[in-house]
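Make a model of the complete structure from these sequences and hints.
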Amino acid sequence: MTVPLIPLSTSDSRGPGYLLLPPAGGTLQAFGPLAGAAAAEVWGVEYPGHGERLAEAPASSVEEIASLLADATPRDWFSRTVTIGFGMGAFVALETAQRLGVAPGALIVVDACAPQRRSPEKNAKAGASAMGRVFGRTGLTPVAGYRDSPESWEYALDLLLGDLQLLNAYRGPARTRLSCPIAAMRGTDDPAFASGDDATGGWRVWTSGPFVGRVVPGGHLGVLESGREAEFWARIHRLEMAFLDVQPEVA
Numbered sequence: 001m002t003v004p005l006i007p008l009s010t011s012d013s014r015g016p017g018y019l020l021l022p023p024a025g026g027t028l029q030a031f032g033p034l035a036g037a038a039a040a041e042v043w044g045v046e047y048p049g050h051g052e053r054l055a056e057a058p059a060s061s062v063e064e065i066a067s068l069l070a071d072a073t074p075r076d077w078f079s080r081t082v083t084i085g086f087g088m089g090a091f092v093a094l095e096t097a098q099r100l101g102v103a104p105g106a107l108i109v110v111d112a113c114a115p116q117r118r119s120p121e122k123n124a125k126a127g128a129s130a131m132g133r134v135f136g137r138t139g140l141t142p143v144a145g146y147r148d149s150p151e152s153w154e155y156a157l158d159l160l161l162g163d164l165q166l167l168n169a170y171r172g173p174a175r176t177r178l179s180c181p182i183a184a185m186r187g188t189d190d191p192a193f194a195s196g197d198d199a200t201g202g203w204r205v206w207t208s209g210p211f212v213g214r215v216v217p218g219g220h221l222g223v224l225e226s227g228r229e230a231e232f233w234a235r236i237h238r239l240e241m242a243f244l245d246v247q248p249e250v251a
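According to the UniProt record's numbering, the sequence shown is numbered sequentially starting from 1.
To be clear, the hints were calculated from the coordinates, so they are not data collected in a lab.
All values reported here derive from a predicted model rather than from experimental measurement.
Some hints could be false.
[Said to hold, decoys possible] Quick list of the computed label-pair ranges, beta carbon to beta carbon:
1) SER60 to LEU244: 39 to 47 Å
2) ALA57 to GLU151: 19 to 27 Å
3) THR176 to ARG80: 16 to 24 Å
4) THR10 to ALA242: 37 to 45 Å
5) ARG238 to GLY36: 28 to 36 Å
6) MET241 to TRP77: 17 to 25 Å
7) ALA57 to ARG238: 18 to 26 Å
8) ALA174 to SER60: 13 to 21 Å
9) ARG171 to GLU56: 20 to 28 Å
Quick reminder that beta carbons are idealized off the backbone N, C-alpha and C, glycines included.
Written as structure tokens, this is what we have:
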């Protein structure tokens with residue numbers, strides 16, 4: 001079993017390519033419109049047991065997903081590519097970099113608490129109905145399109161709860177900092193940050209390079225809502241420009 005890289009869009013642009021890593025419960029279907037609006041080369045991965053790989057057994061851990069992805073990813077390509085991890089995808093990105101032994105061109109994490117600020121047991125006892133209420137209210141893109149069909153809603157919640165089990169068991173990566181720029185973006189209304197703790201700024205310790213933190217309007221993964229694709233890429237390009245204005249940390 002592998003986690004192959006899947007091309008989502010192509011471009012003649014000489015700018016950086018992008019690798020999109022889905023959040024908990026996410027499939028590549030949610031990235032279709034986003035990739036189409038990128039005007040850049042965009043790749044993604046479909047986790048085992050998700051989307052087009054529904055017939056496969058799900059991965060048993062975040063680390064296993066990262067190992068499978070690392071096996072399918074050329075090191076030189078990864079080192080030139082901007083990796084964007086949404087929620088759980090941020091941790092998959094960190095673990096993949098650990099296994100490849102090379103940082104991506106840049107890492108952008110979206111609505112993901114820094115590893116050292118997480119509460120792994122937070123959702124451990126939450127049932128399907130409770131998670132449906134929480135994520136249905138906050139605009140979680142992976143389940144947003146399934147509400148009209150009970151069967152589809154059950155499928156989406158099964159994916160979400162399965163991935164949340166992986167997150168609850170995940171204890172975080174080795175304390176090895178990356179050398180690439182890191183940007184952390186979160187929504188103003190994301191309940192994961194309701195305590196006021198600077199869980200986004202906590203990503204600063206994971207790089208010796210430039211760090212940029214941004215708070216944007218919306219709820220959890222609100223940046224992925226339909227119709228916001230051009231806005232999303234505009235934010236990404238502003239983050240890339242901001243990297244140039246931030247001095248890296250002196251070792």
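Taking the hints in turn, this is what the structure says about them:
| no. | hint | verdict |
| --- | --- | --- |
| 1 | SER60 to LEU244: 39 to 47 Å | holds (40 Å) |
| 2 | ALA57 to GLU151: 19 to 27 Å | holds (21 Å) |
| 3 | THR176 to ARG80: 16 to 24 Å | holds (20 Å) |
| 4 | THR10 to ALA242: 37 to 45 Å | violated (27 Å) |
| 5 | ARG238 to GLY36: 28 to 36 Å | violated (20 Å) |
| 6 | MET241 to TRP77: 17 to 25 Å | holds (23 Å) |
| 7 | ALA57 to ARG238: 18 to 26 Å | violated (40 Å) |
| 8 | ALA174 to SER60: 13 to 21 Å | holds (19 Å) |
| 9 | ARG171 to GLU56: 20 to 28 Å | holds (25 Å) |
Violated hints for the displayed structure, listed by number in ascending order: 4, 5, 7.
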